[in-house]
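So the protein lines, in turn, are chains A and B. Under this note's numbering, the residue at position 403 of the first sequence is numbered 669, and the numbers go up by one with no gaps. Under this note's numbering, the residue at position 93 of the second sequence is numbered 600, and the numbers go up by one with no gaps.
Source of the hints: derived by calculation from the structure; they are not laboratory data. As the structure is a prediction and not an experimental result, all values here were calculated from the model. Incorrect hints may appear among the rest.
[Unchecked claim] Pair by pair, the computed Cβ-Cβ distance ranges are:
#1 L942(B) with K338(A): 43 to 49 Å
#2 P452(A) with L919(B): 42 to 48 Å
#3 R555(B) with R346(A): 24 to 30 Å
#4 S655(B) with K300(A): 38 to 44 Å
#5 S718(A) with A647(B): 55 to 61 Å
#6 Y457(A) with R547(B): 36 to 42 Å
#7 S655(B) with F710(A): 42 to 48 Å
#8 S655(B) with Y457(A): 43 to 49 Å
#9 R555(B) with K338(A): 17 to 23 Å
#10 I563(B) with T333(A): 19 to 25 Å
Just so it is clear, CB atoms sit at the ideal spot from N, CA and C, and this is done for glycine as well.
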Amino acid sequence: MAAVQETVDRVRRIDVDQYRYGFETLIESDKAPKGLSEDTVRFISAKKNEPAWMLEWRLEAYRRWLTMTEPKWARVDYPRIDYQDLYYYSAPKPKKTIGSLDEIDPEILETYKKLGIPLREVEVLEGVVRPEGERRIAVDAVFDSVSVATTFQKELKQAGVIFMPISEAIREHPELVKKYLGTVVPTSDNYFATLNSAVFSDGSFVYVPPGVRCPMELSTYFRINERNTGQFERTLIIADKGAYVSYLEGCTAPQRDENQLHAAVVELITHDDAEIKYSTVQNWYPGYSEGKGGIYNFVTKRGDCRGNNSKISWTQVETGSAITWKYPSCILRGDNSRGEFYSIAISNGHQQVDSGTKMIHLGKNTTSRIISKGIAAGVSQNTYRGLVTAHRKATGARNFTACDSLLIGDKCGAHTVPYIEAKNSSALFEHEATTSKISEDVLFYCVQRGLSQEEAVGLVVNGFVKDVLQQLPMEFAVEAQKLISISLEGSVG
Amino acid sequence: MNVVLAKTETAHAKSDIKSDILAVARDRLPGTGKVADLRRQALEAHERLGLPHRRIEDWKYTDLRVLMREVLPLAGAPDAAALKRAAAALKLHAIAGARRVVLVDGVFAPSLSETSDLGKDIGIRTLHEVLEAGDAALQAQLFSPDNSDAMVALNSAMMTDGIVIEVADNAVVPRPLHIVHIASGAAPAAMFTRSLIRIGRHASATLVESYIGAEDAKAYQVHDSLIVAIGDGARLDHVRLIEDSREAFNISSAVVTLGANAHFNTFGMNTGSLVSRYQAVIVVAGEGSRVETNGVNLLNGRQHADTTLFLDHAVPNCSSNEIFRAVLDDRGHSVFQGRIIVRPKAQKTAAKMMTRALLLSDEAEADNKPELEIFADDVTCGHGATTGALDDSLLFYLRARGLPEKEAQALLILAFVGEAIESIANDALRELASLAAQRWLAARS
Numbered sequence: 267m268a269a270v271q272e273t274v275d276r277v278r279r280i281d282v283d284q285y286r287y288g289f290e291t292l293i294e295s296d297k298a299p300k301g302l303s304e305d306t307v308r309f310i311s312a313k314k315n316e317p318a319w320m321l322e323w324r325l326e327a328y329r330r331w332l333t334m335t336e337p338k339w340a341r342v343d344y345p346r347i348d349y350q351d352l353y354y355y356s357a358p359k360p361k362k363t364i365g366s367l368d369e370i371d372p373e374i375l376e377t378y379k380k381l382g383i384p385l386r387e388v389e390v391l392e393g394v395v396r397p398e399g400e401r402r403i404a405v406d407a408v409f410d411s412v413s414v415a416t417t418f419q420k421e422l423k424q425a426g427v428i429f430m431p432i433s434e435a436i437r438e439h440p441e442l443v444k445k446y447l448g449t450v451v452p453t454s455d456n457y458f459a460t461l462n463s464a465v466f467s468d469g470s471f472v473y474v475p476p477g478v479r480c481p482m483e484l485s486t487y488f489r490i491n492e493r494n495t496g497q498f499e500r501t502l503i504i505a506d507k508g509a510y511v512s513y514l515e516g517c518t519a520p521q522r523d524e525n526q527l528h529a530a531v532v533e534l535i536t537h538d539d540a541e542i543k544y545s546t547v548q549n550w551y552p553g554y555s556e557g558k559g560g561i562y563n564f565v566t567k568r569g570d571c572r573g574n575n576s577k578i579s580w581t582q583v584e585t586g587s588a589i590t591w592k593y594p595s596c597i598l599r600g601d602n603s604r605g606e607f608y609s610i611a612i613s614n615g616h617q618q619v620d621s622g623t624k625m626i627h628l629g630k631n632t633t634s635r636i637i638s639k640g641i642a643a644g645v646s647q648n649t650y651r652g653l654v655t656a657h658r659k660a661t662g663a664r665n666f667t668a669c670d671s672l673l674i675g676d677k678c679g680a681h682t683v684p685y686i687e688a689k690n691s692s693a694l695f696e697h698e699a700t701t702s703k704i705s706e707d708v709l710f711y712c713v714q715r716g717l718s719q720e721e722a723v724g725l726v727v728n729g730f731v732k733d734v735l736q737q738l739p740m741e742f743a744v745e746a747q748k749l750i751s752i753s754l755e756g757s758v759g
Numbered sequence: 508m509n510v511v512l513a514k515t516e517t518a519h520a521k522s523d524i525k526s527d528i529l530a531v532a533r534d535r536l537p538g539t540g541k542v543a544d545l546r547r548q549a550l551e552a553h554e555r556l557g558l559p560h561r562r563i564e565d566w567k568y569t570d571l572r573v574l575m576r577e578v579l580p581l582a583g584a585p586d587a588a589a590l591k592r593a594a595a596a597l598k599l600h601a602i603a604g605a606r607r608v609v610l611v612d613g614v615f616a617p618s619l620s621e622t623s624d625l626g627k628d629i630g631i632r633t634l635h636e637v638l639e640a641g642d643a644a645l646q647a648q649l650f651s652p653d654n655s656d657a658m659v660a661l662n663s664a665m666m667t668d669g670i671v672i673e674v675a676d677n678a679v680v681p682r683p684l685h686i687v688h689i690a691s692g693a694a695p696a697a698m699f700t701r702s703l704i705r706i707g708r709h710a711s712a713t714l715v716e717s718y719i720g721a722e723d724a725k726a727y728q729v730h731d732s733l734i735v736a737i738g739d740g741a742r743l744d745h746v747r748l749i750e751d752s753r754e755a756f757n758i759s760s761a762v763v764t765l766g767a768n769a770h771f772n773t774f775g776m777n778t779g780s781l782v783s784r785y786q787a788v789i790v791v792a793g794e795g796s797r798v799e800t801n802g803v804n805l806l807n808g809r810q811h812a813d814t815t816l817f818l819d820h821a822v823p824n825c826s827s828n829e830i831f832r833a834v835l836d837d838r839g840h841s842v843f844q845g846r847i848i849v850r851p852k853a854q855k856t857a858a859k860m861m862t863r864a865l866l867l868s869d870e871a872e873a874d875n876k877p878e879l880e881i882f883a884d885d886v887t888c889g890h891g892a893t894t895g896a897l898d899d900s901l902l903f904y905l906r907a908r909g910l911p912e913k914e915a916q917a918l919l920i921l922a923f924v925g926e927a928i929e930s931i932a933n934d935a936l937r938e939l940a941s942l943a944a945q946r947w948l949a950a951r952s
């Protein structure tokens with residue numbers, strides 16, 4: 267109850283037009299010229315001091331991209347993107363080498379403060395001793411496109427975990443990057459992934475060696491800052507045999523008039539007995555209430571359960587962006603591997619969400635679970651699009667899917683587009699979907715007991731998404747719960 | 508769409524129909540002037556689109572460029588020998604008590620049909636007649652299906668005959684109307700038919716459509732379509748039985764419109780044909796109406812059956828229920844695509860869809876795509892889909908009680924499809940469908 271009250275208080279403070287994280291940091295940035303050409307690709311590669319093979323890889327992707335056309339099948343509608351009118355690279359001016367947070371541009375630090383990143387790391391740097399055994403988070407902060415601070419490096423190093431910006435990994439661990447990059451999402455995968463392959467600026471690289479349980483939650487905060495800068499992160503996470511890692515990703519962005527393009531690629535690879543848990547809270551700027559501006563989020567996320575008994579779990583809370591086009595998927599290649607997808611997608615105002623997952627059962631006795639909760643309010647459109655498929659050899663494949671949609675108001679739309687394909691008799695698939703509105707009876711019950719209409723809706727919605735919230739790491743769950751109520755503000759009454 | 512899925516091959520020749528097919532068949536196609544213009548437009552639309560392939564979302568699982576390759580030439584008009592073969596085939600599929608109307612090789616066969624003593628409540632004409640000399644409004648209605656689908660366009664261009672049934676207001680038609688499509692010839696050929704049924708206000712009728720082949724008929728193509736208009740307060744019970752030759756193709760479409768407080772109950776059962784596709788668009792245009800669409804696919808060998816339903820809820824206070832079952836043996840491939848759209852004004856809609864597939868073989872394939880598009884908030888909509896094998900514990904229970912394995916399986920399968928069959932309102936027809944399922948099961952062992 268206390269949490270709900272807090273949520274409601276918070277909602278009151280915030281006007282729908284005043285995006286809480288809508289501020290802009292004024293720091294000089296190092297930009298590539300506007301537009302996309304081979305020169306842009308070379309510029310980015312040179313900026314990153316990349317080896318020749320990496321440049322070649324990018325150029326190949328770029329040439330491929332030129333032959334492709336933008337996909338139109340998703341239920342999203344947006345003005346044509348002029349790819350020549352974007353900046354493809356911007357980096358904060360480097361200040362010598364960064365050894366500690368003190369050396370970071372104070373404005374950037376201020377930004378993190380406003381973002382509400384508690385930066386436990388700050389405490390660590392200031393010598394605050396934390397009790398033994400308390401959960402810790404390592405933050406690799408991507409500020410615009412360059413990772414400016416990586417903390418907890420030492421402890422991770424002791425465990426043998428490699429956690430660094432991917433640009434560094436390309437230089438320091440070329441053998442690992444070469445071996446895995448583009449093996450889950452090939453450069454030719456889709457329009458946006460190919461674009462990303464050509465111009466990705468930075469992102470995170472994680473390698474957890476065999477038998478290692480990563481000692482802390484790894485976390486990256488993405489933030490789109492420079493005006494007109496598309497951001498193209500590339501994340502690559504590898505859990506070697508028997509390894510475990512939990513990765514958190516959270517996003518906010520400043521208020522903007524012009525649309526910003528975001529086309530990230532995330533690749534996850536698990537070997538035998540390994541597990542990756544990937545959680546996202548996405549709260550990018552959704553645009554003004556009349557539907558102008560906001561982030562275009564075209565993301566390709568895919569995990570490959572390459573080894574036997576491996577597991578990949580995606581959890582996402584999607585509340586921001588004007589357009590969301592995102593299908594975190596699992597390729598269940600190894601026998602007995604498991605894929606999970608837990609999603610809360612909330613759309614309000616003029617937001618358009620087309621999100622879902624793909625569970626591709628290839629190995630024997632593979633299992634997957636999909637829990638998707640879509641909430642549409644305002645004049646938004648919210649689509650779940652998913653694929654569950656069992657191939658000939660996927661004996662004993664098992665899937666359970668539940669996708670529920672909640673409609674708030676009569677001008678929004680909630681859609682479900684599942685594809686269920688079974689090519690093996692022992693595959694057992696169950697799928698259920700419901701669409702409804704919040705029951706008047708339930709609201710009446712709550713209001714009668716003294717809750718306001720808005721509090722009641724907050725309560726019901728939080729109950730509706732509980733199954734998914736429980737999957738989030740504690741740090742995120744609290745934040746996410748608040749976010750959900752904030753996102754729905756203005757949708758009732 | 509994905510790495511592990513092979514990239515689509517679309518190299519197949521687009522021109523699947525000889526552009527002079529219309530010229531060749533011209534003297535067989537009824538209608539002049541406006542009708543001929545509409546045919547020309549439809550043919551142009553079809554030629555522009557070519558045969559549907561997997562890159563066309565609605566045909567994702569039924570790639571006719573691979574499965575059918577080409578449209579066969581128009582079947583010749585049946586001669587006396589053809590009619591004799593058709594009559595023999597008809598004997599096995601007659602429905603007691605029904606009023607029979609027979610199309611042999613796509614042409615109305617008066618000698619096999621029962622069109623006398625119709626009374627004033629019901630009018631039956633042939634499509635040929637209506638296109639040659641019918642009123643313009645009716646002709647326009649016959650061309651109402653949208654040319655955006657390549658196979659509907661082909662059907663509009665090539666339709667040679669069919670049955671046009673009009674049921675008067677307040678009429679209760681006691682005998683089911685049975686339209687039988689028979690392919691008579693051994694030569695591979697295509698037949699193109701279109702039928703229409705109009706149910707007047709507060710009237711009710713039962714329509715059965717059967718698709719069968721004579722003994723020698725093997726690799727023929729059936730291209731059929733049905734236009735249904737149900738008036739306010741009226742009711743239509745509709746049953747489709749596809750028992751075509753196991754080498755045949757059956758590509759059928761339906762466009763159904765319901766008035767206010769109307770009731771449409773439809774059931775389809777598919778045990779025949781090599782490749783079949785049934786695509787129905789059901790528009791609930793009047794308040795307080797009810798739709799039940801149910802179906803069963805029983806497939807084995809290399810059979811492929813695709814049921815694609817599009818249910819359009821445009822007005823408030825309507826309900827719809829879809830129950831679909833597929834039983835797949837050998838390399839059978841069943842496709843169910845059900846799309847329900849609830850438009851912004853259609854408040855208080857209750858729409859349900861349940862699709863289940865039973866895989867009896869490791870080479871069988873079941874593809875389900877139950878789609879919901881909801882634009883109104885005060886609705887209760889849901890869909891469910893399951894795919895799996897027979898429940899081992901149930902089988903064990905029956906076997907423990909002394910049933911041989913095949914019998915135990917048959918019992919469970921019959922119960923599985925029974926849920927859909929039970930929805931047929933007419934007792935005799937329900938029994939007929941149930942017997943067809945039992946025959947299929949008996950032939951299995």
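*Take the C-beta atom of S655(B) and the C-beta atom of Y457(A), compute their distance, and say whether it sits inside 43 to 49 Å.*
Violated - the Cβ-Cβ distance for S655(B) and Y457(A), about 26 Å, lies outside 43 to 49 Å.
*Determine whether the Cβ-Cβ distance between P452(A) and L919(B) falls within the hinted range of 42 to 48 Å.*
Given range 42 to 48 Å: holds, Cβ gap about 44 Å.
_A range of 38 to 44 Å was offered for this pair. Does it hold for the Cβ distance of S655(B) and K300(A)?_
41 Å, holds
*Is it true that R555(B) and R346(A) lie within 24 to 30 Å of each other by Cβ?*
At 25 Å between Cβs, range holds.
*L942(B) paired with K338(A), Cβ distance criterion 43 to 49 Å*: For L942(B) and K338(A) the Cβ distance comes to about 48 Å; the hint holds.
*C-beta pair S655(B), F710(A): status relative to the range 42 to 48 Å that was hinted*: Between S655(B) and F710(A), where Cβ atoms are some 46 Å apart, the hint holds.
_Given the hint of 19 to 25 Å, is the C-beta distance from I563(B) to T333(A) inside that range or not?_
22 Å, holds
*Does 55 to 61 Å hold as the CB distance between S718(A) and A647(B), or does it fail?*
Since the Cβ atoms of S718(A) and A647(B) sit about 56 Å apart, the hinted range of 55 to 61 Å holds.
*Consistency of beta-carbon spacing, K338(A) to R555(B), with hint 17 to 23 Å*: Holds, since R555(B) and K338(A) (Cβ atoms, about 19 Å apart) stay within the stated range.
*With 36 to 42 Å as the target window, see if Y457(A) and R547(B) comply at their CB atoms.*
38 Å, holds
In this structure, only the earlier hint numbered 8 is contradicted, and the remaining ones agree with it.
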